[in-house]
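Peer 1: Quick mapping for you: the protein sequence lines, in order, are chains Y and F.
According to this note's numbering, the first sequence is numbered sequentially starting from 1.
According to this note's numbering, the second sequence is numbered sequentially starting from 311.
Errors might be hidden in some of the hints.
25 Å max Cα-Cα, derived PhoX-like pairs, lysine-lysine [unchecked claim]:
| id | chain 1 | residue 1 | chain 2 | residue 2 |
| --- | --- | --- | --- | --- |
| 1 | F | 565 | Y | 137 |
| 2 | F | 415 | Y | 138 |
| 3 | F | 583 | Y | 189 |
| 4 | Y | 189 | Y | 273 |
| 5 | F | 430 | Y | 273 |
| 6 | F | 565 | Y | 189 |
| 7 | F | 615 | F | 430 |
| 8 | F | 499 | Y | 273 |
| 9 | Y | 255 | F | 447 |
| 10 | F | 499 | Y | 189 |
| 11 | F | 542 | F | 415 |
| 12 | F | 499 | Y | 255 |
| 13 | F | 499 | F | 565 |
| 14 | Y | 255 | Y | 24 |
| 15 | Y | 11 | Y | 36 |
| 16 | Y | 255 | F | 583 |
| 17 | Y | 120 | Y | 138 |
| 18 | Y | 69 | Y | 120 |
Here are a few chain Y residues that face chain F, going by a calculated C-beta distance under 7 Å [to be verified]:
| id | residue |
| --- | --- |
| 19 | 20 |
| 20 | 184 |
| 21 | 248 |
| 22 | 259 |
| 23 | 262 |
| 24 | 265 |
| 25 | 266 |
| 26 | 270 |
| 27 | 272 |
| 28 | 274 |
None of these hints come from the bench; they were simulated from the model.
For each residue, glycine too, the CB sits at the ideal point set by N, CA and C.
Protein chains: 2
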Amino acid sequence: MNLGVCSSCGKRSPIYFRRYSGVKLCSTCFKGDFIKRVRRTISRYELLRYDDRIVVAVSGGKDSLVLLKVLYELEQDFPKSELLAASIDEGIDSYRLDSLRTLRKIANALHIELHELSFKDLYGFTLGEVVKLGIAKKLGLNPCTICGVLRRKALVTVARRLGATVIATAHTLEDVVQTYLLNLLRGEKNIRPIGLRREAEDVIPRVAPLRLTPQREIALYAYLEGIPFQSKTCPYTHESMRDEVRNFLTLYDYKYPGSLYAFLNMFERILEKIPQPDEVNRCEICGEPTDRRICRACEIVLSIKSLLKN
Amino acid sequence: MNLGVCSSCGKRSPIYFRRYSGVKLCSTCFKGDFIKRVRRTISRYELLRYDDRIVVAVSGGKDSLVLLKVLYELEQDFPKSELLAASIDEGIDSYRLDSLRTLRKIANALHIELHELSFKDLYGFTLGEVVKLGIAKKLGLNPCTICGVLRRKALVTVARRLGATVIATAHTLEDVVQTYLLNLLRGEKNIRPIGLRREAEDVIPRVAPLRLTPQREIALYAYLEGIPFQSKTCPYTHESMRDEVRNFLTLYDYKYPGSLYAFLNMFERILEKIPQPDEVNRCEICGEPTDRRICRACEIVLSIKSLLKN
């Protein structure tokens with residue numbers, strides 16, 4: 001099969017075909033284009049400011065390592081900005097240890113301060129304990145739900161300690177669209193834009209610079225940049241509702257390329273028109289923003305602790 | 311397995327288990343409940359008025375026959391309202407002829423005037439011709455798209471001729487949610503509530519009294535009322551985008567009962583907050599409301615006619 005030449009430089013052989021636009025890119029142009037898209041995403045949604053103190057949430061998986069690498073490149077142009085990395089160790093035995101090792105190596109090579117915080121230090125228990133002691137089951141929660149909520153909270157804690165002005169997460173195009181569709185199918189009351197900068201007093205905004213970047217391009221970029229893959233899968237992964245939504249959307253977007261972008265653009269155009277409340281409600285325990293009286297994280301931590309005592 | 315007794319009458323044996331609510335119903339209570347839900351849907355969304363001249367769009371399939379039967383029952387309480395039926399023959403050989411025969415029998419038994427209009431009479435061609443002559447393919451449209459757009463237009467034409475104040479269609483809970491999700495995945499610019507009464511000058515509103523009724527309950531009601539099933543499948547059915555969305559949503563709602571309701575309620579709560587334009591734009595050719603200069607139906611008819619000439 002003759003693939004012709006790269007649509008961008010018109011010289012080298014393409015290694016990537018972008019199905020929804022018909023563009024073919026060589027590895028050099030692909031890498032350039034990849035970074036350009038993240039830069040454009042940041043500027044289109046005004047995700048970052050020139051003087052931000054950014055904490056990048058890194059798990060050690062390819063998405064967050066790629067985010068760290070790209071933000072590192074982009075940040076060179078903004079001498080007043082600062083880049084830090086934070087990693088939350090939820091305590092899943094060997095799974096997390098492996099990825100932490102990779103992470104430390106990469107942060108070190110890029111001279112980025114890496115701050116680590118564990119569930120054990122922060123909450124007094126590990127996710128491993130919660131699962132093994134049958135507490136997750138007793139609470140009727142799957143481990144992914146507990147992990148997601150508590151990691152998010154732990155991240156805010158580190159970010160506050162570090163005086164961050166913004167948290168950057170590695171949510172991808174797929175993550176964002178999956179979450180929107182899940183929100184609809186679960187009838188979530190307050191659907192808010194995901195990974196966009198929402199300013200409010202004493203709230204550290206969370207942004208997702210990879211929100212327009214599809215998974216396959218992240219994987220390819222990681223490969224081309226020699227970023228090591230996390231080969232192990234989390235032993236607790238079975239958040240089935242998201243799995244089904246993910247499978248459907250993956251197949252659908254494969255058959256009708258561009259559908260994820262269409263969904264994201266359309267849905268966010270709709271969300272934009274909905275007035276968002278100015279006032280932020282606060283959790284009675286931790287003071288972080290929440291729609292409830294007590295935030296979901298504090299609620300889960302309290303339930304786990306009371307079950308651990310008995 | 312002991313199913314216990316009907317949750318409603320507490321006496322008879324249940325024949326239906328409503329998974330999302332845990333309610334078990336006997337056949338008598340199911341039928342009563344079925345009609346009650348349609349009545350509640352009509353009143354919740356103010357779909358019909360006491361003095362409406364209603365044209366029911368009937369295809370001869372079970373959904374539209376059930377709608378006709380239920381509206382017939384409900385309409386007895388509103389002597390000032392009138393009920394008519396309209397059927398569009400798109401010209402798919404034996405497929406349509408079968409369902410038309412059933413339809414005529416039922417309309418006759420209920421003493422409801424049935425008005426028939428064919429693509430051939432209205433547009434000068436049948437859908438069968440358009441497919442057989444390869445015109446659909448040349449236009450890059452699948453037969454379902456052509457059929458859907460032109461049936462909708464034909465229906466408005468009959469309704470105008472009959473002086474209808476409202477058109478009732480048999481869109482079900484599944485149809486509505488599928489269409490919303492398809493709208494998102496296709497990036498449709500103007501997503502509007504489906505099957506809700508939208509009044510505008512010189513526009514006949516379209517309403518869907520079965521918009522909260524799931525398919526399986528319609529099938530059961532049809533069975534219990536002895537409404538004959540259309541056994542043949544349309545020979546052109548292969549609207550694959552909708553098929554995939556349908557399959558996903560069906561499986562998802564089976565696993566997580568109530569998801570379709572959650573989606574519908576959530577999404578419509580969002581749509582509600584979006585201001586709808588008061589002014590209606592009109593097609594330059596037919597004068598019917600459209601977001602474009604020339605409506606999709608007129609555009610398709612023109613393209614087909616020009617290809618038929620050559």
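Peer 1: Compare the structure with the hints numbered earlier in the document and write down the numbers of the violated ones, lowest to highest.
Peer 2: The structure conflicts with hints 2, 5, 13, 16, 18, 19, 27, although it agrees with all the remaining ones.
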